[in-house]
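Based on the sequences and whatever the hints tell you, model everything.
The listed protein sequences derive, respectively, from chains A and B.
The first sequence: position 39 = 39 (our numbering), numbered continuously.
The second sequence: position 86 = 86 (our numbering), numbered continuously.
Incorrect hints may have been included.
What the hints assert, rightly or not - Here are the simulated BS3-like cross-link-like pairs (lysine-lysine), alpha carbons at most 30 Å apart as the crow flies:
id	chain 1	residue 1	chain 2	residue 2
1	B	K101	A	K34
2	B	K101	B	K189
3	A	K34	B	K107
4	A	K34	B	K44
Hints are computed from structural coordinates only; laboratory data are not their basis.
Computed from a predicted structure; not experimentally measured.
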Amino acid sequence: MTIDPWNLAAILAMGVLTYLTRITGFLIADRLPKSGPVRVALNALPPAVLTAVVAPAVLSGPAEAITAAVTLFAAFRLPLLLVVVIAVVLVATLRQILGG
Amino acid sequence: MQPTASDASSTPAREFLAGATAIAPAVIAMVPFALILGQQAAAKGLSPLEMLAMSSIVFAGSSQFLAVSLWSFPAPVAALALAALLINLRHVLMGASLAGKVGHFPKWMRVVGPYFMADETWAVVERRALATRLTPAYYFGAALTLFGCWQIGTVLGTFLGALIDDPVRLGFDFAFPAIFISLALGFWKGARQTGPVMVAAAVVAVAVHAVVPGAWYVVAGALAGIAAAVITTPHEAVTP
Numbered sequence: 001m002t003i004d005p006w007n008l009a010a011i012l013a014m015g016v017l018t019y020l021t022r023i024t025g026f027l028i029a030d031r032l033p034k035s036g037p038v039r040v041a042l043n044a045l046p047p048a049v050l051t052a053v054v055a056p057a058v059l060s061g062p063a064e065a066i067t068a069a070v071t072l073f074a075a076f077r078l079p080l081l082l083v084v085v086i087a088v089v090l091v092a093t094l095r096q097i098l099g100g
Numbered sequence: 001m002q003p004t005a006s007d008a009s010s011t012p013a014r015e016f017l018a019g020a021t022a023i024a025p026a027v028i029a030m031v032p033f034a035l036i037l038g039q040q041a042a043a044k045g046l047s048p049l050e051m052l053a054m055s056s057i058v059f060a061g062s063s064q065f066l067a068v069s070l071w072s073f074p075a076p077v078a079a080l081a082l083a084a085l086l087i088n089l090r091h092v093l094m095g096a097s098l099a100g101k102v103g104h105f106p107k108w109m110r111v112v113g114p115y116f117m118a119d120e121t122w123a124v125v126e127r128r129a130l131a132t133r134l135t136p137a138y139y140f141g142a143a144l145t146l147f148g149c150w151q152i153g154t155v156l157g158t159f160l161g162a163l164i165d166d167p168v169r170l171g172f173d174f175a176f177p178a179i180f181i182s183l184a185l186g187f188w189k190g191a192r193q194t195g196p197v198m199v200a201a202a203v204v205a206v207a208v209h210a211v212v213p214g215a216w217y218v219v220a221g222a223l224a225g226i227a228a229a230v231i232t233t234p235h236e237a238v239t240p
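See below:
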């Protein structure tokens with residue numbers, strides 16, 4: 001149960017830079033205008049980030065695309081945990097069937 | 001700021017619990033990956049204490065996976081740090097968006113809070129801020145639950161060794177897209193307003209993902225999405 005000094009140095013360097021990425025958005029947000037195009041951009045950011053994260057995974061194969069469509073439909077009426085269970089079981093099953 | 005009637009009736013303890021409950025599906029989906037990360041770190045020669053140090057000091061899943069895959073002895077400090085910076089650049093955009101919803105938090109919370117801002121926590125609290133005023137208790141309920149379970153899971157993984165099956169074969173990798181799709185629904189404000197954002201983000205993310213290695217596709221897709229919003233929004237319709 002030891003920590004190698006080089007490993008600790010790498011972990012600290014990663015940690016400092018990662019925290020900088022996390023705090024920077026909060027620091028610059030105070031200087032951003034409260035209306036106009038910048039505000040439109042920030043309002044659009046959550047759906048833009050979520051879509052960007054999801055799109056390559058969804059379009060990586062037929063099993064994933066079908067599961068995403070079912071997930072979208074299920075998410076309108078079912079609780080999140082159930083939606084996740086359905087998605088995981090369905091994608092695993094479809095990958096077996098389709099050989100994905 | 002839109003205070004609602006629910007503010008009066010909700011105690012901090014209840015808000016904390018609501019945050020923890022909201023993040024629970026993401027926590028459950030995360031467990032197999034935490035175990036795998038710990039297992040791979042142990043295979044690379046990292047001790048459980050080093051795993052705990054990385055999970056608590058860095059606390060960023062995808063960059064930790066990349067770091068462990070790149071790890072060698074002595075640790076390539078500059079390469080590992082640069083990789084973490086590039087993968088986590090998306091946090092800048094996420095923080096800029098979330099800042100307006102935590103403006104009423106005490107200052108120390110606005111300094112400490114971002115330390116715990118994982119993707120899943122960010123998505124859950126952004127979704128909450130759509131419905132009601134975000135409270136510190138809700139934020140930290142979600143954030144600390146995920147943080148604590150990440151520590152336990154990754155450290156446990158270093159002891160479990162090869163006991164864990166392949167999470168991709170079992171479909172666990174698709175839990176995260178499922179969570180994000182469900183949360184994205186909450187941001188839908190009609191085809192005219194949100195349609196161009198999602199289409200642009202999806203097309204650019206897929207294209208960049210196909211040709212550029214690493215996590216650039218998230219930043220590129222997000223920027224394309226917000227550019228589409230700015231271009232398609234009439235100037236007179238600009239309201240907070």
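Checklist entry - Tell me, which hint numbers fail for this structure? => result Result: hint 4 breaks, nothing else.
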